[in-house]
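Peer 1: Numbering-wise (the numbering used here), the sequence shown opens with residue 1117 and increments by one.
Since the hints were made in silico from the structure, they are not lab data. Hints should not be assumed to be uniformly reliable.
Simulated crosslink set (SDA-like; lysine to any residue; CA at most 20 Å straight-line) [to be verified]:
1) 1232 with 1356
2) 1402 with 1232
3) 1379 with 1355
4) 1345 with 1355
5) 1232 with 1215
6) 1241 with 1358
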Amino acid sequence: SVQEFLLEKVVARQHAMGAPPGNKTWLFRLSRRVEAFIGIGCARVAVFVSRWPKKTIAWAVLACAVLCLGWLRFDDDTEEENLYTPQHTRAFWNERFVEDNFDDHDWSLVVLLNRKDGETNLLSKEAIGEAFDLYDAALALRTDDTALDDTSCAPVYWHDDDDDDALFPSDRRPHETSCQKRGILAYWQWNRALFEADDDLVTTINDRNATDCCDPTTRKVDLAAVAAKLDWDDDGRVVGIGALRFEFYTWEETYELQAKFDKRLRKLRFDTFQKPMPLTTYGIDKNYDWAFAFDRTLVLLAVVVIIAYAHIALKDFRSPEKSRTNVGTAAVVCVY
């Protein structure tokens, strides 16, 4: 039979391999046994495949399909701390302890505004007025149960009704103007009427004692935290601004609201600003997802090209189980 013939060939080859004189060591004898074992095993596999080619192909494809079920549980992890940092260090234990005991779990939505050209001064009625327009557009965003007003915003922990900076009672949500947020509009208490009544913007933003109703970290407006590309005069006063930063805080990570925030603000157009640049978890995840999707698409196209080449180069449909085309396709499936 074919099997006996192949086995005889393997055994004959093993016997034909003689050791050099005086060198029949235990290592040589072991290597002969290992090579004989591998040769006989491969011969048996070859005989099995030649006798049942269709069953072999079917079982190979089935095994690949079963092993590919793991992709159903595949999840992209885009957290830098999980990807590039050891997870069992003392620093991580300390971080988790702080998060569990002291973290307030407020989430922020950020948007950056940059002037359209290098000469535009955003410290003007027109530019600040458009900043109020963006603020109104952000507050108008809503999902079924979340918004940037008192529906789901993170509250400030004080109010200005009394002189003692009393904290909000735990059972009462704050009113809309008491939502945590940070931006240059705090100089006018986030009130458009106060802004329109202000005839000297330079004096207003240079007031170092200007109170901030809604910043989660300070009671004073910090110009360096809400504006950039500043210009000063000879007296050390800020007379020009080139970029603005707004930050809104929510109770929790409202992913659907972030998506609306990202998409809606990117569509806004202003005369003094470039296109707004929202910074949200949604936007970051979207960029990561796009990168992974691009890589997966590239790999898929490569597989298609390899399969097409295999069919063109190895085309033979006279005997499906003996066709080199099917062998090439099966090889590609097994590899991927």
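Peer 1: Are the hints correct? Go through all of them and say.
Peer 2: Now for the hints, and whether the structure bears them out:
{"no.": "1", "hint": "1232 with 1356", "verdict": "holds, 14 Å"}
{"no.": "2", "hint": "1402 with 1232", "verdict": "violated, 26 Å"}
{"no.": "3", "hint": "1379 with 1355", "verdict": "violated, 33 Å"}
{"no.": "4", "hint": "1345 with 1355", "verdict": "holds, 11 Å"}
{"no.": "5", "hint": "1232 with 1215", "verdict": "violated, 40 Å"}
{"no.": "6", "hint": "1241 with 1358", "verdict": "holds, 14 Å"}
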